[in-house]
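Enquirer: What follows is the residue order along each chain.
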Amino acid sequence: MTELILQALYSGVLQGGSYALIALGLALVFGTMKIINLAHGELVLLAAYIAYTVESASGLSPIFAIPVALIIVCMTAVIMYFLVSLIKTDRELNSLILTYGIGVILTNAILLIWSAEIKSTSSAWMQDAVVVGPLYSMRSEPLFFIISVLLMGGMWWWLSRSWYGRAVRAVAGNRDAARLMGIDPRRTEIVSFVIAGILASFAGVAIFSYGVIQPSLGHVLTIKAFIITVLAGIGSIPGVLVGALLLGVAEALTITLASSALQELVGMVLFLLVLFVLPNGLFGAAGRRG
Amino acid sequence: MIEVQGLRAGYGAINILWDVSISVRPGELTTIIGPNGAGKTTLLRAIMGLLPVSQGTIQLNDKPLSGIPTWKMPDLGVVMIPEGRMVFKDMTIEENLMLGAFTPKHRAGSRRQCDKAYDMFPRLRERRNQRAGTLSGGEAQMLAMGRGLMADPQVLIIDEPSLGLAPVVVNELFQTLGRLKAEGRTIILVEQSTHRAVGVADHVYLMQGGKVVLSQRAAEVDMEQLHELYFAH
Amino acid sequence: MKTGIIALLVLALAYIAVPLLLGQNNYVMSLIIASLIIGGIALAWALLGNLGGMVSFGHSAFFGVGAYVSALLTIEAGVPVMWGLLLGGVGAVVASAVMLPVLRLRGPYFALAILAYAHIFKIVAIEWSSVTGGSGGLSRIPAFPTVFGFDLAGKVGSYLIVLTLLVLFVLAYRAIRGSYYGIALRAMHDSEDATRVVGVNSTLLKAMMLFVSAFMTGVIGAFNVHYISFLEPDYAFNGVWVTLPIIAAIFGGYRTLLGPIAGALTVYLVDQLIFKNLISSGHQLILGALLVGMIIFSPRGLLPLLATGFRRKHAAT
Amino acid sequence: EEFLVGEQEPLTGALARVGTGMHEGIAVAVEVFNQTNGKHTIKVLTEDDESSPAKAIAAVEKLASQGVVAFTGGYGSNNIGPASDAANKLGLPYITSGGVDNGLVQRGYKTFFRINNTAGYQKAMVGVLGDMKVDSASIIYSTKEATAHLAQDVQKDLTAKGLKVGMHPFDPGISDFKPVVNKVRLIDKSDVILMVGYENDYVGILRAANVLKPDVNAMIGVWSLATPKMAADFPDLMPKVYGTALLPYPTKFNTDEGKAFYDAYKKLYNKDPDYLGQFGYVQSMLLFEAIARAADKGTVKQGGIAEELAKTDRNTLIGRVQFTEGDNLNFEHRMGQHQGDRIEIVWPVDTATAPMQYPGVPWK
Amino acid sequence: MLQLEALTVRFGGLTAVDGVTLTANRDEVLGLVGPNGAGKTTLFNAVSGLVQPSSGRIHFDNASLLNTPLHRRARMGIGRTFQVPQPLHELTVRENLLVAQRFGTGKVNEARIAEVLEFTNLASRADRNAATELALTELKALEIAKALCTDPKLLLLDEVLAGLETAGKRRFMTMLQELHKKFSVGILIIEHDIETISRLCDRVAALDFGRLISLGTPDEVFNDPEVVRSYTGAQS
Ligand SMILES: Nc1ncnc2c1ncn2[C@@H]1O[C@H](COP(=O)(O)OP(=O)(O)OP(=O)(O)O)[C@@H](O)[C@H]1O
Ligand SMILES: Nc1ncnc2c1ncn2[C@@H]1O[C@H](COP(=O)(O)OP(=O)(O)OP(=O)(O)O)[C@@H](O)[C@H]1O
Ligand SMILES: CC(C)C[C@H](N)C(=O)O
Ligand SMILES: [Mg+2]
Ligand SMILES: [Mg+2]
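Chains as they are written, first to last, in this note's numbering: chain H, 4 to 293; chain C, 2 to 234; chain R, 6 to 322; chain A, 20 to 383; chain Z, 200 to 435.
The hints are simulated quantities; they were obtained by calculation from the structure and are not laboratory data. Take every hint as true, because none was put in to throw you off.
Covered stretches of chain H (in silico footprint by chain A; criterion: 3 or more residues with CB under 8 Å from a CB of chain A, positions within the stretch not fixed): (1) 111-121; (2) 129-140; (3) 216-223.
Derived contacts from chain H toward chain R, CB cut-off under 7 Å, selection only: (4) N97; (5) L101; (6) F274.
Backbone N, C-alpha and C fix where the C-beta goes; we use that ideal spot for every residue, glycine too.
All chains, full assembly: derive it from the sequences and hints.
Expert: Set out below in structure tokens:
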């Protein structure tokens, strides 16, 4: 029994690492611009499909797809920002619907390009088992866990210590006042989207390396990412990591101790609980109540 | 230093300013007074590039400001302290202050400037980690003032700084304005308390209904006459 | 006065001309019915958005609960189908009462909290199999009755039922919007504290709007289940029951009374009759693009866009 | 005389992959029928139901308005139910191999026919376990309708036979199967793992098993698993895995019909046929032949097609087909096993093309 | 009419209002002064129900308000304005007043609305959009008009005069004096301008760091050394 629970914890933590990577981009754009990018999951998925294409065309490990994914996904992210910036009124609400529409476009574009068939890596290296004492995982899992934690640490350092970090939050707070401070709002916002694109690229390659992808997955990823963002509390990067680990572990424990049919329930119940009990998330500042 | 010539501007289809011309000399404190809705704030916003100009020119040191985005203004040494509570609500007081020194050349000195702001408004130091959104009306006003001074601006444009401040603080504020002028800064001040504004000013403009109706050296201003003009509709 | 006449004309067209002209074409009728179903949800969704100031991503919860309640009551308790529609709506209201805590939430938090409920309801429908039949769903769902020799289960009959429901919804929406409650609700979005200090119980009003919206959606869900005689959790709580209505409502103009319905008819019919033939797989891509374009160029939707276009034309001539 | 037949199929949406497979088989049936029959020809009009029940109904109605005399196709009991319901209201026959839910035939429609059912899949799973002589099994199954039913039926059968059975339902949205497989490894400690799901589920389960390496002797799945495409896409996951299959791969068709099917398929799609194509082909062929017979008797418009279909008794690529109240009770599946790059039939023994490699799992 | 007993409001570690005991009557204009951040607005918020007191009691017409929901306080006769004007968005000026009246009093009385519009000089603006088409003076007038439409017994006015030009200020003061008599409402007003307060108020209460440091006639209070030190400073 202990072995079972240990393994569940371990799997949950590793899974949480990739959840964090997926959620971070969404949390960043949300925390800095008050925009929930409902197409973020599709961005991640796009990166995953690029990894697939690179792998099947070149036979190289999906890792080598990262540069290609970075270029394409970041370009897509910039186009998305461009569209968002065209919104004239009520940006918070309209961007929600706009990015939702972009998500629909991306999902269907992926469907057109890559068909509905499931794809998955054929890289044996990525899927080989790594055994640490009684704990098992695929090699890609700890690999991307480490990458995820590193990226997150870097992001955290950069956002909290850098002038840029302050600038994005200022723009979110009051555009005109930010401009009076000497901040170019468009530039800081584009940077946010590009960073979200970078994070999505890594996340996409990660999920392709140990999971199965299909066109309808994007939506699921977006929802997971949002749940984690709520758990974290707006604008908290450590919160994202903790929230993601919490979700990953809670899911793994539910599957192990109860039934996997209840897995999805866990995330949702956790989400509602945190909203009601800890309205500011685990680490966040105020702001979600009216 | 700042020359505004025949300016027309407004919000969308509504024009507010009608051929406004003012001239601000370096090192002087120029005050713009006038009743509510005269267009004072609108003029300041137009100078800062926050509003599109439909006619006329604005020049800084003989160079036109058209085409220069608002966010380049602090780099040119021009900072505006907006009216109302345009603070960053979700950020702490200290973060708000730091943003005042956002332009790269001011970043290095930001710590020192920050301490200066705290010295000026000790209340802010007590609250340095409080969210700006929860400040009282007057505290927010102090914060806006302190933040504007962070970039050590050559030209300071201030909109109704005394609004909502306790009398003691207003006294200090006007002393500060005097000191800033003495340091050689150019200041444009929009104020509702006419007496005090004219008291510190070198030059006075009176605006009404989107037009400049009086331009006079402060020393020559006859308060009686000014008030008559003020109330003549 | 003039709008009154136009409304009567449209109603006459909908009640008489459509059945007479298209009644024989099952395919076209089923497309129209399907788009009216979407339109009904879109209307309920827009009511919550426009009056309550709340964007919901979880209306499928009400749709599904309405469907299950009506199906179970008619199958198990022998309740007449027409009563089932009403009770389906009531069931959705009861379900929405569980959601009252989320009324404290704002914007996207509210939207996604409701979505979480929809997921939870779906899982309940799957796991509580002794009542709901689990993931297999329910079969042998009774169809609409035959009244005075007229088969309401047929295409024309079903069409008239759903059309009547929509007309009632629109009238109810209009009445609420015009009342003092409607005015207070409009004010509440951007100035809630200010509204409350003049005596408006904002929580209660918002709850009422949630109930009304849930009720309408539940009735539509119940209608659909008897119309299509099929029910399983995946279908009843499917995301399309909220995504299509949102697209339709935004497209038509969610701030207007008839925009959501007009949007649903346009979007659904154009999608099925045209886009589907252009790109068989992934034709929703065009819908997504339309939505994006609409938000950017006319965030208030199609009807207001047409209205300005109309006005401009008249001004020109 | 040319007859129009409607095909309602999920060509997009969640079921697009399988729907497309079926569709290919149907197209091949048209090709073969039109070349061999001589007297009548068939034209199939295809309508995409986008994997949604409402659209499936609309598709059937649209096709009916275009004058089709019968329907072939559909996938997923939840789409087939309402679609065949609509067909029944219109008085048009509907034949399928895409829905195994028992509720479909319990409706008692005279117009509804299907050539496969849960029982056939169940027999194959239970049968191969009998040959393996195992004492315990763990069933990992999707909570979707068809899979949950099948899993429960298999469980009943196995428990009745005295086996110890562990049940592990999973949600279709699950992404990591390790905790599930780990339960099998550490708690159940079963002899074999039965997988009842769809392609992505199999891949996930096999992945997890590959990592955790539970001490089992066989990995057995059902539909969508013993296909050449899976072997090609996931070479490291498939070795020795079992899945239902009717024919080995690469296959040699011995019958004339089989050869004709194979050639036509190869010609149209330039690849070897898989089981979905076979199903689509068989159901359509039976329908086309019934139409031809009804046409000869001049009863096409008087419900003759359904009557002729009900009388069907014929050996087909999937075995003998007869309809009892719309269901083909003869239907019995076979069990295939990935062996190298081939798929061999290993159960029942009398039709086996190779002995099963037991015990055997991908990671051993 | 309004009685505060040892009212205390804390935000985390900060005590914004600290044990204030104070009575406001219907027949007087009571001024509330104090340095920035002294807790004046917070006190208003506690009375109107926007924040929960941490301890102490609030009575209105001898009924405790502690468990009275915010919207019901309006019906009981407590009207308030906001330091930053908060018109009801999307509504016209008239609709603003309609809402205030319908929900603040339970009925609609067009004549009364006309009267209030006239009184606050907003009649010509009745059909303008309140949030986007009003100037500052008009917004301030609307704040008062809204509160009046709820038939208040007590008006809480938070810096309604701040930012107004001298003439405007004078007009508003006259208006306040008139409405105090005409509608017989008590007024509790926050204001930083000493002259205004002296002219308008019967009594003045001064707060500092949340505590009530002085209470009395304007003269008494503004000559109180503690008030001079913390608030008025040496007059320049
Ligand atoms: N965003 C806006 N849209 C439309 N009109 C506006 C807007 N802001 C201000 N106005 C109008 O422009 C006119 C001038 O306003 P402005 O704020 O410049 O006056 P002001 O002189 O600063 O007055 P105050 O002393 O009250 O601050 C007023 O009539 C006001 O109603
Ligand atoms: N939500 C809050 N969280 C933390 N502190 C708060 C909050 N609201 C108010 N405060 C603090 O409480 C103190 C009192 O604020 P309040 O707004 O009542 O002051 P005030 O007397 O109205 O001042 P002013 O004259 O400047 O408007 C201030 O120091 C303010 O920073
Ligand atoms: C064997 C398959 C055709 C079964 C199908 N998945 C169904 O839902 O019934
Ligand atoms: Mg101004
Ligand atoms: Mg205050």
